[in-house]
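**Q** So the sequence shown is residues 908 to 1161, counted in the numbering used here.
The reader is advised that the hints may include incorrect statements.
Pair ranges (Cβ atoms, derived) [claimed, not checked]: (1) Glu964 to Gln1154: 46 to 56 Å; (2) Ala926 to Phe1072: 47 to 57 Å; (3) Phe937 to Phe980: 33 to 43 Å; (4) Tyr1051 to Leu911: 34 to 44 Å; (5) Phe937 to Thr976: 16 to 26 Å; (6) Trp919 to Thr974: 31 to 41 Å.
Distance condition first, Cα-Cα at most 25 Å in a straight line; then the derived DMTMM-like pairs of lysine to aspartate or glutamate [stated by the list, open to error]: (7) Lys1092 to Glu1139; (8) Lys1106 to Asp1062; (9) Lys1092 to Glu1082; (10) Lys923 to Glu1082; (11) Lys1106 to Asp1123; (12) Lys923 to Asp912; (13) Lys1146 to Glu1099.
Quick caveat, the hints were computed from the structure, so don't treat them as lab data.
Where is the CB? At the ideal position from N, CA and C, for every residue including glycine.
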Amino acid sequence: MSFLDHLEELRWTLIKAGAGVLVAIAVCSFFSEWIVDQVLIGPTRPDFFMYDVLALEPESLELLNRTITGQFFADIGTIIVVGLIAGSPVVVFYLWRFIEPALYPSEKKGMRFSAVSATFFFLLGAAFGYLILTPLALQFFAQYTLSEQIVNQFDIMTYFSMVTFWTMGTGLLFELPVVVYFLAKVGILTPEAMRAYRKYALIAVLGVAAFLTPPDPISQIIVAVPLLGLYELSIYVAKWVARRRAQALGMTDE
C-alpha cells in the first residue's frame, strides 16, 4: 500500500474505533440512571460494598450542586467516562487490526500479547482506582475536619473530577508492564537498567502514591504496593523480551 493508502486505512481504523466507543457510550446512556446512582454516587453511601471489604467505618457524604450546569455535566461526564472504559477493548482491537498486516508471524504473537495486556492492565487499574483508591480517599477527606463548626459538603463537579482522576489515572499507571515491553522490544530499556534504578523507582512510586492519595500513610502504602509489584513484573517482562531478542539475533547470525 502507498503512504496515502495507509493514511486512508488509519482514518477508517480511527473511525471504527471511535464508532465502537460511541456505541458503548450510547448503551451506557440507556442505563444512565443506574450508572449515576450506583457507580458515581455509590461510594458516597455508607453501604457501599467496598467499605466492608476494606474494613472501614464510613461516613455518608453530602453532595451539593453549586453551578447551574453542575448536575448536567456530571451526568453526561459519567456516561462518557464509563463508555470510554467499556469501549477501550474495541479501540485496542481495531488498532491491532491496523498493525497486524505489517508484522511477521513471529512479531504477531508479541503484539497480540501487548494488545490483550494493554486492555487487561488498564481495566485492572481502573477497577483498583475506583474500588480501592476512591473509597479510601473519600473517607479520609470526609472525616478530616478543622473544627466541628465546619461541615464537609462536596461539590458534585469536584467530586466527579476526582473520581474520574483516581479511576483513569490508576488505569494508565497500570500500563507500566506494556510500556516496558515496547521499550525493551526496541532495545531502549534493559532488565539490568531497571534493577539498577530500582531504588529510584521506589522513590518515584511513593511520590506517585502520595500524589494520588490523601496524606494518609495507610492509603499511600495500599497504592504503592501494587505499583511496586508492577515494576517488579516489568523487570521480568524486560528480561523475557531481552532473551527473545538475543535468540532472534542468534538465529539471524546463523
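**Q** Hint by hint, note whether the structure agrees.
**A** Here is what the structure says about each hint:
Glu964 and Gln1154 have their C-beta atoms about 55 Å apart, which keeps the hinted 46 to 56 Å range intact. Between Ala926 and Phe1072 the beta carbon distance is about 27 Å. The supplied range of 47 to 57 Å is therefore violated. Our hint of 33 to 43 Å for Phe937 and Phe980 is violated, since their Cβ atoms are close to 19 Å apart. Take Tyr1051 and Leu911: their Cβ atoms lie about 58 Å apart, and the range 34 to 44 Å is violated.
At about 23 Å, the CB distance of Phe937 to Thr976 agrees with the hint of 16 to 26 Å. Checked against the hint of 31 to 41 Å, the C-beta distance between Trp919 and Thr974 comes to roughly 40 Å, which is consistent with it. Distance restraint check for Lys1092 and Glu1139: the Cα-Cα separation of roughly 17 Å lies within the 25 Å cut-off, and the hinted pair is therefore satisfied. Under the criterion of a C-alpha separation no larger than 25 Å, the hint pairing Lys1106 with Asp1062 is inconsistent with the structure, at around 39 Å.
This hinted pair checks out: Lys1092 and Glu1082 have alpha carbons roughly 16 Å apart, not beyond 25 Å. A C-alpha spacing of about 23 Å is found between Lys923 and Glu1082, which places the hinted pair at or below 25 Å, so the restraint holds. Between Lys1106 and Asp1123 the CA atoms are separated by roughly 22 Å; this keeps the pair inside 25 Å, and the hint holds. For the hint linking Lys923 to Asp912, the alpha-carbon distance of about 16 Å falls within 25 Å, and the restraint holds.
Under the criterion of a C-alpha separation no larger than 25 Å, the hint pairing Lys1146 with Glu1099 is consistent with the structure, at around 8 Å.
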